[in-house]
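The listed protein sequences correspond, in order, to chains L and B.
Mapping of the first sequence onto the numbering used here: residues 1 to 475, in sequence order.
Mapping of the second sequence onto the numbering used here: residues 1 to 311, in sequence order.
Quick caveat, the hints were computed from the structure, so don't treat them as lab data.
Be aware that a few hints might be false.
Said to hold, decoys possible - Here are the in silico distance ranges between beta carbons for each label pair: (1) Met-151/B to Arg-470/L: 41 to 47 Å; (2) Pro-409/L to Met-151/B: 35 to 41 Å; (3) Asp-96/L to Trp-68/B: 42 to 48 Å; (4) Met-99/L to Gly-157/B: 45 to 51 Å.
All figures in this text were calculated on a predicted structure; none of them were measured in a lab.
Glycine included, every Cβ here is placed at the ideal spot set by N, Cα and C.
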Amino acid sequence: MTEVHDPQSTETLDVIQGMVTGRLSREEFVKRAAVLGFSMTAIGSMLAAAGKAGAGGFGAAMPYAGQTVSILVAAEGDEKGVKDKIGTIKKRFGIDLKMTALAVGPLIEKANQNLKAPTSSFDAMMVLGFTVSQMVGGGYFQPLNNYVKKAPKGYDFPKDFPAGELKYVGYFDVKKQQFGGRTLYLIPGLHGGSVVFFYRKDLLRAAGVKVPTTWGQYLQAAKKLHSGDVAGNSMIAKSGDVSMFLVDWYTRFVNGGGRLMTGSPQKKNFTPRLTSPQAVAALQHMVDCVEVASDGVLQYDFTASVDSFSAGKTAMMLMWSTIAGPVYNPGSSKVSKNVGVAVPPAGGKAVRGGWGMGIPKNAKNKDAAWTVIAYLTSKEWEQYQTLKYQTDPTRKSTFFSPALNKKLPYLKVAGKVFEKAQILEIAAVPETFEMIGAAAEEFSAALSGSTSAKEACKKANDRWITILKRGKHLK
Amino acid sequence: MAATAPDAKLERSSRTLFPAGPTQRRGEVLLLLGPCVLYLVAFSVYPLAVSLIRSFQEYDSRADSWTWIWFGNYQELFTSPEFWQTVEHTAVFTFGGVAIQVVLGTALALFFNQRLRGSAIVRAILILPMLLTPIVVGLMWRMLLNPEWGMLNWLAGQVGFHNVGWLSDPGTALRMLIVVDCWQWTPFVFIIVYARLQTLPQDVFEAAEVDGATWRQRTRYITLPLLAPAIVFAAVFRGIDAFRTFDLVYGLTNGGPVQATSTLSFEAFQNGFQYFRYGYASAIAYVMVLTAAIGITLLFKVVRVRREEFA
């Protein structure tokens, strides 16, 4: 076949330039080149030369080249990995990525403002699981079902994500105001996580103590390990800290067979069970553990608890797995070689944590935003992020990667807990944070010895009833 | 006196530029006051009016909608035990803190007024805390009061008090908040009173000295009455500031433990920006505005009565 095109003509140059700069997609280039009379061999060679010969993967086309995508991410370590890859995103997709990283509180505030504005300043944003009902439930996010069909090769959706996490920070039924359903609004990421049990292998071995598998054993071990230099255990006990409720109290409660709520918000009979024997027992266990914790434990947030463990001053702790990764890092931990990890005692259950990433309905560059989301929730980025910054992944392939587990042995344990972690029952109502904060305030009274565990649970229960009635979830 | 030629020329030209007729005068007034009024309306009147309206409404964060509930927020506020606890904390913090600061600040001013050697350097060091932002002060003191490695616990340990939970014990946390506030703001009272001390007429003191008045008598009957306006100004200023304190609470205790240090401002912040209860938070803010307005009016009435008594 004779080539009929003139390589110097404006149309020819325009087509070639369009493909190289990413202005034209692979398909568009093929169509236009064929019209101009290019042979299939020439088209194939040019695609190969431009690195766009493959049908899938992230090396496909650059249809959004030159566009700017603004994203809002949590400043919980995710921002570091995103920042590292801004250049890669530009190189592969031609997209200029602008990132805003905020702590949880300001992020929620900023996200809410943007979702309700005529146009969002962010094309994609991270949504915390506990705020899904408020943000996604308000109908502010773009369904992603059609986007995910176009995901790059090897994206492995939904197979590579735990079903529980997809139900929590993926699918949502806006009509019924329930987690799950068929409409996908978020992709789990940029980090997930649950609660795991960390201990000092060397200390347990020296004291002849086995890794506790019941709460009774945990307390006994803490008592035995407690000394002038090392606290028997540690916890998040700072007044009003939501992680005190979620990590320390809820893990004890749920593994003790507790059930947080009865009824449902839809039926307006959503009733708290904070006065149940399991609720009081969980708090009493924490009160007992404070006796064999460090002197400053009542001011510990999760950072202080992890720092104390890393400094070698704590023998055992329950912790968000995504926060505690640095205890394995020799650069930040004195005990990196002696850290043991196990599922929480008495059942290995814990609360489901994690974030999802979605596109606001009022975003300007939705398609380009999807390209960025698909990359930042890919196996490639997640493995890079987990290895470099030790935040928890959301994908099974990362949690159970043999190569990663060699360097970060807690990963597969965290993965096991993550798979069966459960959605906090009150996450379905918008008042979640207020309720957790109220309970954590009352519980801290028991931890400081100002009141009994039973009384603190009763007060927390009463406050929950007031909040639930106000929110019309309980008559 | 007849106007000179240049004066007459100036008068003529100014008459042309600024005509004095009633309509023109109104125009001038509007022109001069306009920007100021606009500024006040945009940045004071409008936000106040909107927040007043919001205090009668309830916000649904999921639907992003407002519903009129009229006095619902106020009713909830006044029947909530947490609110009254918060009022109590705010009152203790404001009155307790300001009283200590006024006494200490005045005492320091009287002390430094003796012009001792090296007092200029000490005076300069004394006012340093005032230059720090309260959030930094909060974080700094949180470290100093850390039960494990804080300097204060180490010092307490030296005199036999071990493991004091300065900020984790509900009984001591509010007191510590007052102590830290006093550390930062006593210098403010000191500066105001000290400045006033420098302007007091010396002849009165000389006459008293000639009449054989002791230092104590001079202080009681001359210095303090003459300092009263400055002390009242400092107290009112500090009172308003302490009443709306937020950043120190946020940095030092975050309202805890068990809401033991939650003040009205902190309660408004928590409800508004953490729980998205904007209506309820506006109601708290309005209670604060009204309380402050009533408090200041009463205070100035008392001060005026006292001034008349002195006169």
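Each hint, compared with the structure:
| no. | hint | result |
| --- | --- | --- |
| 1 | Met-151/B to Arg-470/L: 41 to 47 Å | holds (44 Å) |
| 2 | Pro-409/L to Met-151/B: 35 to 41 Å | holds (38 Å) |
| 3 | Asp-96/L to Trp-68/B: 42 to 48 Å | holds (45 Å) |
| 4 | Met-99/L to Gly-157/B: 45 to 51 Å | holds (46 Å) |
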